[in-house]
Amino acid sequence: MAPTSETTFRTVTLGTPLELDSGRQLADVEVAYETFGELAPDKSNAIMVFHALTGDQFVAGTNPVTGRPGWWERMVGPGKPIDTNRFHVICANVIGSCLGSTGPRTPGPGGRPYGMDFPVITIRDMVRAQMALLDTLGIERLHAVVGGSMGGMQALSCAANFPERAGRVLAIATTARHSAQNIAFHEMGRQAIMADPNWQGGDYYEGAPPAKGLAVARMAAHITYLSEEGLTEKFGRRLQDREAKSFGFDADFQVESYLRYQGLSFTDRFDANSYLYITRAMDYFDLAEEHGGLLAYAFRGAKDTRFCLVSFDTDWLYTTSDMREVVHALNAVAAPVSFVELSAPYGHDSFLLDVPALDRVVEGFIGK
Amino acid sequence: MSAPVSFDLRPDLAKIAERLPSGSRVLDVGCGEGDLMEALQTRKACDARGMEIDPEAVAKAVSRGLSVVQGDANRDLADYPDSAFDVAILSQTLQTAQRPDWLLEQLLRVGREAFVSFPNFAYWRMRLALLRSGRMPITRHLPGSWYATDNIHHLTVTDFREFLTERGVQVTGNWFFANGREIGGGNANWRAEHAVFQLSR
Numbered sequence: 001m002a003p004t005s006e007t008t009f010r011t012v013t014l015g016t017p018l019e020l021d022s023g024r025q026l027a028d029v030e031v032a033y034e035t036f037g038e039l040a041p042d043k044s045n046a047i048m049v050f051h052a053l054t055g056d057q058f059v060a061g062t063n064p065v066t067g068r069p070g071w072w073e074r075m076v077g078p079g080k081p082i083d084t085n086r087f088h089v090i091c092a093n094v095i096g097s098c099l100g101s102t103g104p105r106t107p108g109p110g111g112r113p114y115g116m117d118f119p120v121i122t123i124r125d126m127v128r129a130q131m132a133l134l135d136t137l138g139i140e141r142l143h144a145v146v147g148g149s150m151g152g153m154q155a156l157s158c159a160a161n162f163p164e165r166a167g168r169v170l171a172i173a174t175t176a177r178h179s180a181q182n183i184a185f186h187e188m189g190r191q192a193i194m195a196d197p198n199w200q201g202g203d204y205y206e207g208a209p210p211a212k213g214l215a216v217a218r219m220a221a222h223i224t225y226l227s228e229e230g231l232t233e234k235f236g237r238r239l240q241d242r243e244a245k246s247f248g249f250d251a252d253f254q255v256e257s258y259l260r261y262q263g264l265s266f267t268d269r270f271d272a273n274s275y276l277y278i279t280r281a282m283d284y285f286d287l288a289e290e291h292g293g294l295l296a297y298a299f300r301g302a303k304d305t306r307f308c309l310v311s312f313d314t315d316w317l318y319t320t321s322d323m324r325e326v327v328h329a330l331n332a333v334a335a336p337v338s339f340v341e342l343s344a345p346y347g348h349d350s351f352l353l354d355v356p357a358l359d360r361v362v363e364g365f366i367g368k
Numbered sequence: 369m370s371a372p373v374s375f376d377l378r379p380d381l382a383k384i385a386e387r388l389p390s391g392s393r394v395l396d397v398g399c400g401e402g403d404l405m406e407a408l409q410t411r412k413a414c415d416a417r418g419m420e421i422d423p424e425a426v427a428k429a430v431s432r433g434l435s436v437v438q439g440d441a442n443r444d445l446a447d448y449p450d451s452a453f454d455v456a457i458l459s460q461t462l463q464t465a466q467r468p469d470w471l472l473e474q475l476l477r478v479g480r481e482a483f484v485s486f487p488n489f490a491y492w493r494m495r496l497a498l499l500r501s502g503r504m505p506i507t508r509h510l511p512g513s514w515y516a517t518d519n520i521h522h523l524t525v526t527d528f529r530e531f532l533t534e535r536g537v538q539v540t541g542n543w544f545f546a547n548g549r550e551i552g553g554g555n556a557n558w559r560a561e562h563a564v565f566q567l568s569r
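Residue numbers (this note's numbering), protein chains in the order written: chain A, 1 to 368; chain B, 369 to 569.
Same shape as in the complex, but just chain A:
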């Protein structure tokens, strides 16, 4: 984790302990965040963007950890669909993560990193921390909350649990409930981390991290972010830097080389325990369950909130039919909802990539 320890994150410390869904409390919570664009004097132009599983607060501009553009640079910035010349965009690192917000790598009460003593958190707990950040910043009501994938889960959770905090909710490529298949892929990743001898029951911060396990977890997850069509188009069965198969177990195929690179580069920027905790939070996510079993109940307080939901036709992780369930629930409470399934070849990752139709929908929904 060398690069992150060298970066100073902009953080606030929450004044009161977070009451968690598990029944536990988390005290002295730090939330790392970034803002982009000026806050209007009447504070009416704030938009909160929620990041995905392995994302961070550096949604736009240059990420100081990686030196690369922010993860949603194409969507957020001056003149972009979420225009920072007009809007004040806030993006915070979720609790449980490892980019400045309190997580398993943070020193606990005893002074040593929490490791597996960190409490299991939920998507709603993440949103609680985000709302507490807003309290600290003195922002009562947001123009909009926006998120893709796990960010979309937070956006939906925010609408359900804090409907008074946002006028508009834009949730992209997401779901109101993790399916058995979603949980299964995550469990595979977690088991890969825990099977790495370096994991040491999560107590590895003074030694070598379980990089191999984390890399395998990332490789498996990465496959779920892409479509079969996209993989075929990008790699096919092409060989990597060689004329013929090696009859060995090197990365003969380009797709193998690509996945190995994705796995390896991920371990430089992400903490394995954070990966365990955040995937757990996603697996526990079932918005209907936490509101009496019916998804429509979750949105009872949000009937005046404007919703826009977007799915992608090649996304098999969080599908159009997942999204239709949310539409159905919102119709049941007569909330103003828009929904569109966009066509894009990139699978789940489409929300991060070049899909001009998405830009138009986002810009139009957020408003000028």
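One side only, chain A facing chain B, incomplete, derived with CB under 7 Å:
hint	residue
1	V327
2	P336
3	E341
4	F365
Sample of chain B residues with no beta-carbon within 12 Å of chain A, all distances over it, derived:
hint	residue
5	Q463
6	W470
7	L532
Under 10 Å between C-beta atoms, here's a sample of chain B residues computed to sit facing chain A:
hint	residue
8	R393
9	R417
10	A427
11	A429
12	V430
13	R432
14	L434
15	V436
16	V437
17	Q438
18	G439
19	D444
20	D447
21	P449
Treat the hints as calculated values from the structure; they're not laboratory data.
Quick reminder that beta carbons are idealized off the backbone N, C-alpha and C, glycines included.
Fit chain B to the given chain A structure using the hints.
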């Protein structure tokens, strides 16, 4: 015609917009890019929602700030609660439905009232074209060859009236159009190119 507000819309849509009470909750089924919805929202303070099957049209409507759900009316209307809307609108879509009878039931379930507009297959030019050429007519309102057309359930004004009577649906208004202008109701089954009906249970 003495419309209190004039709308820059297709004549059937303009008629619906003119007749709708201000402030209604409206569902426009097959709303396209949302021209009618926008007019209803800005000019008549309606709370307008739309359903449209074409994703590009939905994206355009959403980018105009309208609330439109991508869906297939033949299936997804069932997702709305009873009496969710004051008015449900189905313009130039009935003849494309897989089950027009089901669709009409759904319209009058989700809306307390419905406006339905459709092209009249008994319009005299249609009759003449069929009589003369012996082929399925292709007109301004019904473009496309028989094998390519979306219009799979052609109907006439008389058919529709009979259909409503059989189902006990009340007609609270009807208007007829030819050559882009409103015409009187006399001999509408001959003279009307398309029709607008206002319906309730």
